[in-house]
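Given the sequences, and given the hints that come with them, work out the whole structure.
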Amino acid sequence: MSVGPRVGSDEIILKRIPSQRLGSPEMTIARPGIGLTATSFAICPRRDEKHPSWSRQRDEASAEVLLRVEAEKGRDISGWRVAAVEVRIVRDELGLDVVANPTEEDPGHCLIVPTSQQPFTDKIWSQLAKRTRIIYTHPAR
Amino acid sequence: MSASPRAFEQTDSGPQSAGDTATFSPRATIVATRDRPAPWLRSVRDKLEQLLALPENWNSYGARPVSHDAAARANEFAAYLSYVVGVVEPAVGATPDGDVGFCWDAGTWSLDVSIDGTGLISYVYLDEENHGNDRDTCTRDIAQLIPLLTQWSS
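Read top to bottom, the protein sequences are chains A and B. Just remember that my numbering sits 4 ahead of the position in the first sequence, which is counted from 1. Just remember that my numbering sits 24 ahead of the position in the second sequence, which is counted from 1.
It should be emphasised that the hints constitute simulated quantities derived from the structure, not laboratory data. Cβ atoms here follow ideal geometry from the backbone N, Cα and C, with glycine treated the same way. Treat the hints with care, as some may be off.
As the list claims (entries may be wrong) - Counterexamples of contact, computed for chain B against chain A with all Cβ distances above 10 angstroms:
hint, residue
1, Ile54
2, Thr57
3, Trp64
4, Asp93
5, Glu100
6, Ala103
7, Ser106
8, Val109
Said to hold, decoys possible - Residues from chain A that face chain B, not an exhaustive set, calculated with beta carbons under 8 angstroms:
hint, residue
9, Arg20
10, Pro22
11, Glu30
12, Met31
13, Arg35
14, Thr43
15, Ser44
16, Phe45
17, Pro49
18, Arg50
19, Arg79
20, Lys127
21, Ser130
22, Gln131
Next comes the structure, spelled out in structure tokens:
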């Protein structure tokens, strides 16, 4: 997988978060003084995954589009959410970077990558999770 | 049905009172334990049971199903904490690797804990008032988390 150019710091990137219906894992948490955010487990990569996938927000419909991609594959997206974070925060506050990695399925696909100043650690995902915000919840059936 | 918490003052020489099992800390820590598990244990156990039904790729980014061993270790972990006064119900989730994740956020601090099938507890503690207290480590000793979750350390 080749990585592309850096995503602009003024951009926002998005991540799908599974539904929090009964029987689903709790992947969001209400944080006092902050509001509803993703948990670290919702945004961290697998141990064998090099870079976690996110998507660039193009317009106000991007969040819903991000979920509809999964619906077209047969997934029930009722109650699914989309978390967002500013690239500026990822880069300037946490020391990670974001690079474009468009795919056929998602032209806005991008990757969070480590830097020489900040490797991937469990702590960085906890810190990043606190800085996300839930911007979209797909209607439940 | 009310709990009857007992207070133990623990020092390096061990608990001062005999009887119920006390947790150990390298510093003096007051820990109160319940006679019965906190009511939230039932809810957490239900959620852990439900995690086992998650399919491959449950998060749409390639997550693995939760392992039975991880759920069992997480059950033991939750049961232990449910006897400690001051520990509130966590958010119960799963990690992309198929481990169980617990999250607490009290505003001034947060604790993210993942438990794998071997019982290894990986945790990140963030102290928003003093990041010098932040921790990112792993252990097999649940008791290490008690002072973080109860904030009663002296």
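Hints, one by one, checked against the model:
| no. | hint | in the structure |
| --- | --- | --- |
| 1 | Ile54 | holds (24 angstroms) |
| 2 | Thr57 | holds (26 angstroms) |
| 3 | Trp64 | holds (13 angstroms) |
| 4 | Asp93 | holds (16 angstroms) |
| 5 | Glu100 | holds (19 angstroms) |
| 6 | Ala103 | holds (19 angstroms) |
| 7 | Ser106 | holds (17 angstroms) |
| 8 | Val109 | holds (21 angstroms) |
| 9 | Arg20 | holds (5 angstroms) |
| 10 | Pro22 | holds (5 angstroms) |
| 11 | Glu30 | holds (4 angstroms) |
| 12 | Met31 | holds (5 angstroms) |
| 13 | Arg35 | holds (4 angstroms) |
| 14 | Thr43 | holds (5 angstroms) |
| 15 | Ser44 | holds (5 angstroms) |
| 16 | Phe45 | holds (4 angstroms) |
| 17 | Pro49 | holds (7 angstroms) |
| 18 | Arg50 | holds (4 angstroms) |
| 19 | Arg79 | holds (7 angstroms) |
| 20 | Lys127 | holds (4 angstroms) |
| 21 | Ser130 | holds (4 angstroms) |
| 22 | Gln131 | holds (7 angstroms) |
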